[in-house]
Structure formats: structure tokens, C-alpha cells
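S.K.: Whole structure, please, built from the sequences with the hints as guidance.
Protein sequence lines correspond, in order, to chains A and B.
Numbered per this note's numbering, the first sequence spans residues 30 to 293.
Numbered per this note's numbering, the second sequence spans residues 150 to 474.
Don't read these hints as lab results, they were simulated from the structure.
Virtual Cβ for every residue (Gly too), placed ideally from N, Cα, C.
Where hints are given, some of them may not hold.
Derived Cβ-Cβ restraints for the label pairs, each shown as a range [what the hints assert, rightly or not]:
#1 L302/B / R42/A: 55 to 65 Å
#2 Q177/B / G222/A: 43 to 53 Å
#3 V160/A / G184/B: 31 to 41 Å
#4 V213/A / S458/B: 47 to 57 Å
#5 G274/B / S70/A: 50 to 60 Å
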Amino acid sequence: MIRSFLSEWVKLRRRAMVLGGAGTIVGFAILTVVLTLTTASATPTDQGPGGEGLTLAQLATTDGLAVILGSAATFIGVVALSVFAMSIASEYSQGTLRNLLVRQPRRVRLLAGKLLALASFTTLAVVVAGVAAVTVALLVAPTQDISTSAWFTSAGWTALGAGLGNLLLATLGWGLLGALLALVLRAPAAAVGVGLAYALPGELLVTAAWSDGARWLPGQLLDALAQGGTAAVTYGWAGLLLGVYGVVAVVAGTTLFTRRDVAT
Amino acid sequence: MTATIAPAAGPADLAEAGERPATAIRTQGLTKRYGSRAAVDDLSIQVPTGMVAGFVGLNGAGKTTTIRMLLGLITPSDGSAEVLGQPISHPAAYLHRVGAMIEGPAFYPTLSARANLEVLATLGGHPKTRIGQLLEQVGLADRAKDRYRSYSLGMKQRLGIAAALLPEPALLVLDEPANGLDPAGIIEIRDLLRGLADDGITVFVSSHLLGEVEQISDWLVMIDHGRLLYDGPIDQILDRQQPELLVATEQPNDLATVARLAAEAGHYSTPANGHLLRIQAPASYAATLNRQAMAQGVTLAELRHAQPSLEETFLSMTTTTEARQ
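M.R.: Laid out in C-alpha cells, this is it:
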């Protein structure tokens, strides 16, 4: 598994992945910080499917930074979904999977090493995104008359750590969904397309039609996890159900990967 | 029904006195079905170690499917097989000693040749020092840092062979390695494969270029529609084919006279290329025919002995099989 992990990193460290994958995650985080801070108002405003916008008072609390990071979860998540899906599905479409399996025929080890490498890549990207987001927030907040003093109290640091951890967990959850789609569909365009269609308009439409959908749909649960819980979904429920979904995804993906013929 | 010809001497006999396992590849009733269609049908072969074994068949004959089963990429529907003495149900037990290029080269387009090999060397636990040596060996050292997508088909093929050689294999499985190579490249690959066999590596090479296979192979596995036609020494199948005499007369009308003389001597003949007569007869009949033709007032413009090529042999065998079916 270690060899598979290191082998995957030879591919992940190329410029296209660093700029296209990690760079996009960092970019989304910065964009979210800027938009959140510059559009915040004294009273809550309706932002359509995105719910109510954050108030200046909310942003100035100890968990202000964590809330900002949490609101970037879906955008960062779909990037992670795309990175995982493309990395795995392109092994099928390019025919490189057969080379990998000849050099590492133990398929579970190959898949585990690959997923761990992608997870470590995503973790690094989210951490860098977090640092970049905090830096940009410190630069932008004074221009909007938002006090940052609460952010750097002991409680503020704890909230920021928890927020970053929740964002990471949610991002890895999106990544796992991308990996599962890649293993099922075995084509990068199809895996990314289906993933994006589901994550962005798909779940919103279902949630609009099914009021209880937020408690069961994975995208909504990941969003709730990233935000440390929402009015509709508690943090504990989101974590529990996502854990179950995660186990199901890992078992289903591993079964497909190990049992299916590699005929491409 | 197939026209299977059993070899006179099996791999076990050939390697009787050696210390290596007698067979590099052994299959028994190996079958792969997709729905009702059998891509590989009850295939039983034995490929001895230390030889270049050609694996021939028309496109769609089942060569790549067989190779994929041998490499653990697809699961057989029925039958069994061993590679280097290990069952294919446990590919991890033998693949570290096997190099393979399956259905053409496949690499990451945006990575260089060196990085592509680094991916595989890291995964297989092979020393990175091999990468430079292999790139040198296949003539890609100068382009090692260029992206794979900028390579010509021939260069991609060479990189595929370099990747297959990474593990210092005991068995090298190559699927159509000459595809896309120019004549000079084909000769280089031929020399490379012969050199590897001389070093004791078993080379199992599939190709539809029968002339190439004939030139480099010691052993031949021939399949058609997923079924075995022949498995044995290549010399044996060529020797079993009827030798021929090719005859041309100074006056084209005299070919009929020559055909009559051959028929009277019990030899079957057919016209070939419009001005030639192809007579199924040994080389020793040439002098007799020459004398008889002269006695009839026929001057032979050409008289030569021809051994049927592997291509002709293959075509005659597959035609026979189809006729029987």
C-alpha cells in the first residue's frame, strides 16, 4: 500500500494537478472569504437556495472564521470530487490501470494507496486553503469594519481548528463520492459530470421538493458537517449517517474494483 | 471443430534436464465467455521456458483476452492456468517476475517517459536506477524528459517495452510490440527479443504479423476464434506443410503440359500469379520434372523449391477449420 501511495504521488505532484486541483481549492476558499465578508450586512438577507447571508455580528464572533470556511464546503467539495473522479476514472480510460495491476496485483492495496494519496493531497490543499483564507480574511475584515479580535482568542482558535477539520472531513467525503462514481462509471467525463450534476442542481432540486431531504442526502449532510451542524441537521446526525454512507461507499467501491474484469 | 496439431515434443521433454520450471505458461481448458460468445474456448497450451514463443491469430481471435487472463486482469469463465508455476488465481505470486505490455502502450500523457516509468517502478518496488538503463536500451534517453503525448507511436511502443522490462522479468509478455514501428524499429525489437531469450528470459509475443513471428519464434501458439490450432515448435509445423516447386515455362501455354506431367507423377498443382505453377512436391522432384519437360519440348524459365511460410500455413489451417465448421 505504501508503494501504491508513493506511486500515486508521482502523478499528483505534477504542475497540472497542483494548479488545477489544489490551486482551485485555494482559489475557492479565498473567493468565499472575500464574498462573505464583503456581502455581509447588519441584518440577515435572503440569498435564495443558499439560505440567509451571514451578518456582520456573526462574522465577528469567535467562530466567525469557521463559519466562513464552512460556507465554502460545497465549492471546495466539488473540486475534490472532480480530482478523485478524474484520477481514478482516467486510469480506466487511458488504459494505465492494466499497467498498475501488473505491477501491483493486490487490488485492495492498490486502491487503498491511491485513495490515501488523494486524501493526503486534498488535506494539504485544504490546509493551504485554510491558511490562505485566514490571511485574506485578516486583510479584508478591517475594510468592512468587522472586528477580528474574537477570532484570535483561545475559543476562536479552537473554533477555527474545528471548522478546518470539519471542512476537511466534508471535502474528503466529496472526494469519496467522486471515487465511487469513477469506479462505477470508469470514465472521467461521466464521473465528473454526474457528480457535479448531482452536487449542484440535483440535490437542491430534491431538497426543494422533499423537505426532509436535508437529513438524508449526502451533499446536504456534508454541508452540515462542514458547518458544524445546521438548523435542519445536527452535527452528530450528519457525522453518523455520513459514516454509514462512507462504509457503504468503501465496500461497494472495493468490491467493484476487485471483482470486475479490467478489459480496457 | 479445430485442426489442432499436437507437438511431437512437449516443453517437459525439452527442458527435462534443465533446472528451470519446464513451462513458463500452461493453460488447461482455459475459457472466457461474454454472454453466449466464447472469446477463448477450451484453450490448453504449454509454453516452455527460455524461448521466444509466438502467439498468433487473426484480430479478434482471443489473443489479448488470453493474455489478460494470464496477467490476472480478467477472470476465466472456466479452466485453469499457471504462469511460472503459479496459478493465475494468485497473480501476486508470479507477476513480480513478469513484464508485460498489453494491447499497446498506455501511459500518462502529461508525464515524461522517465516519470511514467517512475510511477511503475515505485509501485513495483523496482530500483529507480533501472529507469535510465532501460530508456538507454530502447533508445529514448534523449527524449526521457519529454511528455509522453509528444511521442510518435514507435516511441510509445519502445516506452511500453521499457516498462515491461522494469522488473527484470523471467517472462516477458508482449501484445503486438511491432505495431507502429518502422522497419528499422521492427528489426531492433526483433534483435532485442532474441537477445532477451538468449539471456534465458521467456518471451511470449502476440502478433498478427506472421512474418515477424516466424523470424523470431522458437515456439508457436496459434489460435483462431478462441480455439487452439497449434501449440509446439515452430519448425515442426512448417516442416509438416507440403513443400512446393514453383515452375514457370518459356511459353505460357506449356504450363498445362507441366501440370499434366506433375499429375502423372502423383503431384497436385495449382496456377499461381498467372504465369507460375505451384506443384506440391519435394525438392527432389525438381530434376525429374526438368528432364520430363525437356523431353516434351518444354523449356522451363523458372524452377525453384519453396517452403510454405507461416502466413500460408496459418491461412491454410484457418481455411481448413472454417470448412470443417
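S.K.: So, for every hint listed, does it hold in this structure?
M.R.: Now for the hints, and whether the structure bears them out:
1. L302/B / R42/A: 55 to 65 Å: violated (28 Å)
2. Q177/B / G222/A: 43 to 53 Å: With a Cβ separation near 45 Å, Q177/B and G222/A satisfy 43 to 53 Å, so the hint holds.
3. V160/A / G184/B: 31 to 41 Å: The hinted range 31 to 41 Å is violated for V160/A and G184/B, with Cβ atoms some 55 Å apart.
4. V213/A / S458/B: 47 to 57 Å: holds (48 Å)
5. G274/B / S70/A: 50 to 60 Å: holds (59 Å)
Of the numbered hints given earlier, the model fails hints 1 and 3; all others are met.
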